[in-house]
Amino acid sequence: MSNPLALIGRTATYLALSLAAFVSVFPFFWMIIGSTNTNADLIRGKSTFGDALWRNIEVFFASADMPRVFFNSIFIAGVGTILTLLVSSLAGYGFEMFRSRFREKLFGGLLLMLSIPFAALMIPLFILMANLKLMNTYQAIILPSVASIFIVFYFRQATKAFPHELRDAARIDGLKEWQIFLYVYMPVMRSTYAAATIIVFMSHWNNYLWPLIVLQTNDMKTLPLVVATLSQGYSPDFAVVMVGSIFATLPTLIIFFLLQRQFVQGMLGAVK
Amino acid sequence: MPALVLLGIFMIYPIIWSLWMSFQVGRGMQFSFGGLTNIIRLTQDPIFIRALTNTLIFLAVQVPIMLVLALLFANALNNPNIWGRGIFRTAIFLPCVTSLVAYSVTFKSMFASDGVINQMLLGLHVISSPIPWLADPFWAKVVVISAITWRWTGYNMIFYLAAMQNIDKSIYEAAKIDGVPAWARFWYITVPMLKPVILFTAVISTIGTLQLFDEPNLLTSGGPSDSTLTLSMYIYNLSFRFMPSFGYAATVSYVIVVLVAILSFLQFLAARDRRA
Chain A
1 MSNPLALIGR
11 TATYLALSLA
21 AFVSVFPFFW
31 MIIGSTNTNA
41 DLIRGKSTFG
51 DALWRNIEVF
61 FASADMPRVF
71 FNSIFIAGVG
81 TILTLLVSSL
91 AGYGFEMFRS
101 RFREKLFGGL
111 LLMLSIPFAA
121 LMIPLFILMA
131 NLKLMNTYQA
141 IILPSVASIF
151 IVFYFRQATK
161 AFPHELRDAA
171 RIDGLKEWQI
181 FLYVYMPVMR
191 STYAAATIIV
201 FMSHWNNYLW
211 PLIVLQTNDM
221 KTLPLVVATL
231 SQGYSPDFAV
241 VMVGSIFATL
251 PTLIIFFLLQ
261 RQFVQGMLGA
271 VK
Chain B
1 MPALVLLGIF
11 MIYPIIWSLW
21 MSFQVGRGMQ
31 FSFGGLTNII
41 RLTQDPIFIR
51 ALTNTLIFLA
61 VQVPIMLVLA
71 LLFANALNNP
81 NIWGRGIFRT
91 AIFLPCVTSL
101 VAYSVTFKSM
111 FASDGVINQM
121 LLGLHVISSP
131 IPWLADPFWA
141 KVVVISAITW
151 RWTGYNMIFY
161 LAAMQNIDKS
171 IYEAAKIDGV
181 PAWARFWYIT
191 VPMLKPVILF
201 TAVISTIGTL
211 QLFDEPNLLT
221 SGGPSDSTLT
231 LSMYIYNLSF
241 RFMPSFGYAA
251 TVSYVIVVLV
261 AILSFLQFLA
271 ARDRRA
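For the record, the sequence lines run as chains A and B.
So the first sequence is numbered by our numbering: it starts at 1 and just counts up by one.
So the second sequence is numbered by our numbering: it starts at 1 and just counts up by one.
Rather than coming from a laboratory, the hints here were simulated on the basis of the structure.
Predicted, not measured: the structure shown is a model, and the values here were computed from it.
Beta carbons are placed, not taken as given, at the ideal position from N, Cα and C, and that holds for glycine.
Between beta-carbon pairs, the in silico distance windows are: (1) 47(B) - 163(A): 51 to 61 Å; (2) 254(A) - 87(B): 11 to 21 Å; (3) 79(B) - 61(A): 39 to 49 Å; (4) 270(B) - 174(A): 46 to 56 Å; (5) 191(B) - 175(A): 44 to 54 Å; (6) 70(A) - 47(B): 33 to 43 Å; (7) 56(B) - 132(A): 28 to 38 Å.
Simulated pairs of lysine-lysine, DSBU-like, Cα-Cα distance not exceeding 30 Å: (8) 176(B) - 195(B); (9) 105(A) - 195(B); (10) 160(A) - 195(B).
From just these sequences and the hints, can you work out the full model?
Written as structure tokens, this is what we have:
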């Protein structure tokens, strides 16, 4: 079987994969290198470690009320993730488990709404928040994304693999519906929840456009907004920006590595 | 039920509201009914045409490149004989766990006129003088496209990998015994089996690209001379940066809705045709 053609194919595959892996990882490497150099060295494209890391961290922490900014980001992403998972998985569960005449029509309508871009909702949502007197609050950031159609869809797909006998057995044992959801469904769907956690947490943590619109005072700003502000202007201090980027990337990176195993499993369940 | 209520408040209500608003004219919070005024204004607005063209260019170039790359990588990494699968998979997936802001600013520093990308290309003698990446209309588009491709290829790859693991291995074994070469196994077995997932990623990527905002806003702020301005950025500028003109902005946003609807429909048609 090992003809020269196959050998060339294999070599090409490894080359392409290595190149892709290099290109994928290089910006991370650059972020880390950049954060240790002075801005002048970074702009010149110096690609070895420097000794300006502490100075850069100091400047970064002096650029805004950082404890407050970190708290805002963690609070919004944390509460947002828990609420989104709860509400959207409940909806996904409901769609698959309860039969009603309008189920498929309703679900089709939901999927259609998936294609309405955020840009179309931005202005009415903005005015809605202003009328509800919620501008510049945590609620204004979190509420619009709590019911995520994508996650509802994802949970419904995954729930198709959930054994109905398990639910029936639980009913016979006299469990209430909410108990079944809490004690039977949620533990069984652990890997689905893990994969969804990554996706949902990332979307809350990285959210940029909506907070940019809704948050107005500095004490409410989230990490991405601060990093973005630092990077604008004519001659931003990129070394300091890199420090901010690392802080903005670290939490999602950690969550990904913690949940990686379940993540692939969870995706598997959803695309069946 | 709570999900439906929330969706009702935060999706359906704004959708209807913005449809109504797209027929309003006026500045700030003062509206009056303007009929088709906004739609006529669209056709005569050079900035809108610019933003629309840019967005469609991004879509036409970036989505096919990204999906083909994702499919090829997924296929290579699905082969159990490839050494280091886990490492490659993690490396290629890694970009999608970065924050949009973080990677945009990192790219901005890498593509500075005397930044690391130019240094590397000069060092490898690919180019003889530095490319003004972010100051040239053409190269600025290239940077935006590379940035999005970098960020999202691994994301799509994971969908394909997951779907590939659901394909029955015995089909491949049978084909192998029949002497079907690897590329043909990929083209005639893998691709058709993945059709629903490919359609799904195509629709999701189309929607994502039509809404592009974060990357061009952070990398180039839409410049130079509006060459990377997207529809979403234009809507944002119309509503929140200049004198607010919500009605007209809502009209522009409905252009995106209509585009998404048309393109998704075409993609469904294409997928159905090939199956028949």
